[in-house]
Amino acid sequence: YREQKIGEYRGWDLMAKRGDSGGFLSRMKHPENDALIIPFTAETDAGALASLEHHYKNIPDKMDRLQTTQRQLEGELSDLEARYAEESPHAAEIEESKTKLEEIKERMLAQATDQPPATEPEPDEMGMPRRPMDPLDPEYDPHSTPRNLEAPEGNSSLRTNAPKVIKTAVKAAEEFGVKSPVRVGVKGKKRKGFFKVRPEVIRIKVANDIETVVHELGHAIEKAVWGWVKGSPWVPPEQSRIRMAEMVRLGKALYGDKKPAGGYKREGWAEFNRLWLTAPEEAQKHAPEFFKWFEEEWLPNQPEAAQKALRAAQDEAVLWFSQGSLARVKESMVDTQTAKKRLERAWAKAEKVASPEYTYEMLHPLHEIARYAEEQFGRPLEADEDPFVIASALRKNHYARVDEMVNHQMIDFAGNAVGPPLKDINPLTKGKYEDFWAYMLAKRAWALWTDPRKPEGRNPGISLEDAVQVIREVETSEFMAAANKVYHWSDQLLDYVSEASPNFASIIEHTREVDPGYYATLHRVFDEMTERYRNSGGAGQGDVLQRLKGSGRQVKDILQEMIAGASKMVRAAHQERIIEALVKLEGVEGMGQFIERIPVDKVPVAKLTIGDLIDRINQRLEWEGAGVQTGGFFEPGMLEETMTFFQPAKKAPSGKRVIVRYNPDTKQPTWYEVNEDLYEMFETMEPYRLPAVGEWLAGKPTALKRAGTTGLKASFQLVWNMIRDPQTMFLQTQTKAWAPRLLLTWADSMKDAFLYRITGRRTPALDTFVRLGGEMVQPLAQDINYTRRTARRMHEGKVVVVLDPRNWFDYFRDFIQFPELAPRIAELRILAKEHGIDINQPLSEKDSYFLMLAAKQVTTDFTSEGKISRVMGRMVPFFNAQIQGPRATGRAYRRDPARFMGRALQMAVLTVALWMMNKDEDWYTETPWRERFLHWQFETDWPEPTIIRLPRAFEIGMLFAALPEMALDTWYRKDPEAAKAWADTFIDVLTPGFLPVLMEEAIAQAKNEDLFWETPIVPMGELRRPAEEQFNEYTSKVSIKLGDWFNVSPRRIDHAIRGIGGTVPLDLLQVLGLGTKEMKREPTVSDLPIIGRAFRREGKMGTRSRSVDKVYDLHEEAVIKGNSKKNPETEEDRQRRLMLDDATDALSALSYVRRFTPESVKRQQIQALRVEIAREAITASEQPVTEEVREHFKAKRKRADIAETRSEVEGGRAGEPKDRSDAIRQALIKDPDTDWADLYESLEDATFSRGRSWKDFQKRFYEIEKEMEGSE
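Per this note's numbering, the sequence shown starts with residue 26, numbered consecutively.
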């Protein structure tokens, strides 16, 4: 420091010689000890320079001597303090030394401030003596801005408030490139606020203190524009003598003779900023030259956005101080219930809800911190330095890692195998599990009762006598060996936790020192207290390592509690590792906007009277024969006075977002204040569960629907998902591999995953993935109770596997999801090879994070979630998946735009080539839009004429396959309908549902409408029937039976089963023979189990057609228009509607006939006929409908009705005739030789025949008989 100051003094000498240093610096203070070390008056005559030079030469010698003396005294003082700490009675010596030290310091000050000889100042250019700069206006108040007391004349409606002024000013600073959060809380009575340079945080003592905030923002802007240079950036020749002097005066007005640590000019700049923002006329008055430079030179050269923001901040601040006292008081009062305030709160809440933390990533604050640190470092963070990478890689993995520890192998923090699993005790305890765990509990109880550190012992809930007796009865060599395995496993678990950080390592070390041994988890059953705690809203997770204390309550199941405790400890270790990485970045410049180190609160730990304190001191010093006498100085009244002793608080007060860290060496806490989102981010490390009632009403139904729709559906997992995943991997991979290598590695990994699920054998890559906790990334993993499952698996043998139905379900769920593993394992394999990571050797912690996160993100990362999506994902089956899918696509694009677009272009080229092949085919033009956009379709004649459908990945397929296909088709057919259909499908694919499962089903039942397909649950034709008779040939037998028992519609029961459990429950009923009644139909390739889904049902035309769908849409529009009173239909509209009535009736009737036609070829012919009728109807609707056209479609309808009746009669499904015509048709179909008179006589009592003359009946009979000729 001394060498630095001497260099500065010589610099001033040179400036004095050049004649460009004016004014004076009266004194300069040492920033550490306030020593006044330099007096200086800058003059330019030779005598003054000589005096100054002589004066400066003597200063280093003086300083050396004085500082040597100071160091000697401080050393003596340190020795005395150390001796005092060893309980020696040397307080008097210490006080004497302190006094002596103060005297020496005073001597140092006096000698260091000797003034050089006075000299006469030389005259200036005008012949007048040079004088220092005039002082500031005596009325200038450095701590307050002039403010109007009365409202200004004119428009008094303009108002502002203090928070708005501060917000605008902070925003202005951000435009200069510095984000300085303003926080309330300053220690020290005299400090109004300060700017923390390195973290770039502004602290103020009083909330909404505008003057202090804008002053400190001046420092922030200085750092943003010039950096925090030593001394100040305002030096010649950039700044003139006059401008520098003006800044010095402004700084001195604040600090007087006590020079601030940053110097007068630095504080003068900040004070000028305060004046310029709050009272620009004052700034011009007290610093005219600097004001001119600021306005004309500096500000115009700043970015335009920064200029505008700073001017806007000035307008707001000036308005606050000029609006008058009444307005300021009114603006200081907040009515939270006004419409404006409610709207502001709603908007702020909406902005918050739309933030990344709420929508898709709770760890987003860590991502911002890491990216900011990379900007400051000028390099990417390594995986083990990046808290976002660490947290993303470890999120929710603790359950899978503990399962690995228990049932497969013990692992370290990097996922490397380090020992045997807990399951190895099984051969030693086979058939005696209860005896073994009773033995473990007894051994632990004996250790607690006989702990030498606790003479009275700790009550573990078992008496010492019972513990000894149990040990005598059941202890065997096998139990002793098994117990040693448990102790060794527990010890390795503590090793895992200690690897998280030095902080945890010291805790583990202490735990091992005080633990009495024979460890067994002893979590008590506090049912009543637990219930009260939950009812009070408690959500804490407790300590990682419980205190050693006794209890007489019952002990929970030891194995399950040991596994639950292990999961809790592993999760805590993961969180600790994240915090460790986060705290290491706290020292980065500007990191205060995210995390800021703050002073630790002091809390009282003891209160003693002075008399009690003296007694305790005397007891300790008694052995030295010394002590404190209470006579003399200590008056009797003083001995009764109370002293309070404080120590650093170990826990932050409630409501304060503080992370507490402990120094393993000093055992002292350090506090770091973080923002709300960062504080709450650790909630995402644990799978979310709704409150108990919500879990039963929403959580469990959602898990059931998710499993029944996709997770447990074989055709989805083994066909649809297996085809979509390679597409996603191709675009989202981090590797540089070409498509053939990716596909081959994926196929090989698929084989490995299949064999793993069948045999349990693992390849090195798969073993690495599982050891790192990769099982938790699967879509159904979040719905599993891993603690119970892990405990059940540990003790399962071959007999248990067969007898326990839960194991059947576990096995099927794990097996059916094996395709999910393939792309992740392939990604891990290729990346490890590209980065030189040998997965056959132990992984480093950095490599484990890198590989785990890459495997998670190569497709959809089901562990990622936002604050809202984690809740909604528990209530709505695929809510989070529909958010994380597009996010993964965007992340892949940002990672490497060129490579991503290159691969996307390959997908587009293949799609265009396929479109060129199909564009003129009838089946292609009739394919519904949604099916066309979501699938690639290939025409084939083997094994039968049909269409092979391959699903496209959702977001990627819609953008890079469906979009170019739609564009080309629109151009080729000159039909804009494709663009609208694509937009509707794209929005539908990207938009998640918002209704919980039970609520959605309740609404559907109330509306009698399937909300997905927009079709009636019970058709209109069946609503007239009794509820228990509302079913058809597709209704399950179980639902029909239940409907008969409870007088409920079987159709509604089937829909409820599908709506809550997906399609798997109905598939299971079909397998058990309780599903739909099997129809005699000629099977097709689409009827094959599992793979049949890849083939279009009913041949090339399928069961749905764009033309048929369009006719129904046109009919719906015509009916709506026909019912309109505001715009009544014309006669032309009416004829069109009647024509469409006939057409849609014909289409519906033919659909019914097709359904019950057993021959496949005939079904395809009927569908072709439906398409033909639909096309004719579309063409007819585009022009005025003539009588001839009407008759044509009437004939179509009549023939279709006859075909429907024939199908019903021949299939034995015909019920009572609906009308006279239906009765005649049924009779003629049954017996073509039926006589009309006999039929009339048999139907005489029928409702539809009463009042009808036999001549009318005869006429109608002959008409229908003629219609039926050739209707075959």
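Source of the hints: derived by calculation from the structure; they are not laboratory data.
The reader is advised that the hints may include incorrect statements.
[To be verified] Computed cross-link-like contacts, DSS-like style, restricted to lysine-lysine with a CA-CA straight-line distance of at most 25 Å: (1) 212 x 627; (2) 632 x 692; (3) 609 x 681; (4) 1255 x 1280; (5) 221 x 510; (6) 355 x 365; (7) 510 x 448.
Going down the list of hints, with the structure as the test:
Distance hint between residue 212 and residue 627 is fulfilled; the C-alpha atoms sit about 12 Å from each other, no more than 25 Å. Taken as a hint, the residue 632 and residue 692 pair is honoured in the structure, with Cα atoms around 23 Å apart against an allowance of 25 Å. As the CA atoms of residue 609 and residue 681 are separated by approximately 21 Å, the hinted pair is consistent with the 25 Å bound. For the suggested pair residue 1255 and residue 1280, the alpha carbons sit about 23 Å apart, so the restraint of at most 25 Å is met.
Note on residue 221 and residue 510: the hinted pairing is violated, with a Cα-Cα distance of about 53 Å set against a maximum of 25 Å. The hinted pair formed by residue 355 and residue 365 meets the criterion: a straight-line CA distance of about 15 Å does not exceed 25 Å. The hinted pair formed by residue 510 and residue 448 meets the criterion: a straight-line CA distance of about 10 Å does not exceed 25 Å.
Of the numbered hints given earlier, the model fails hint 5 alone.
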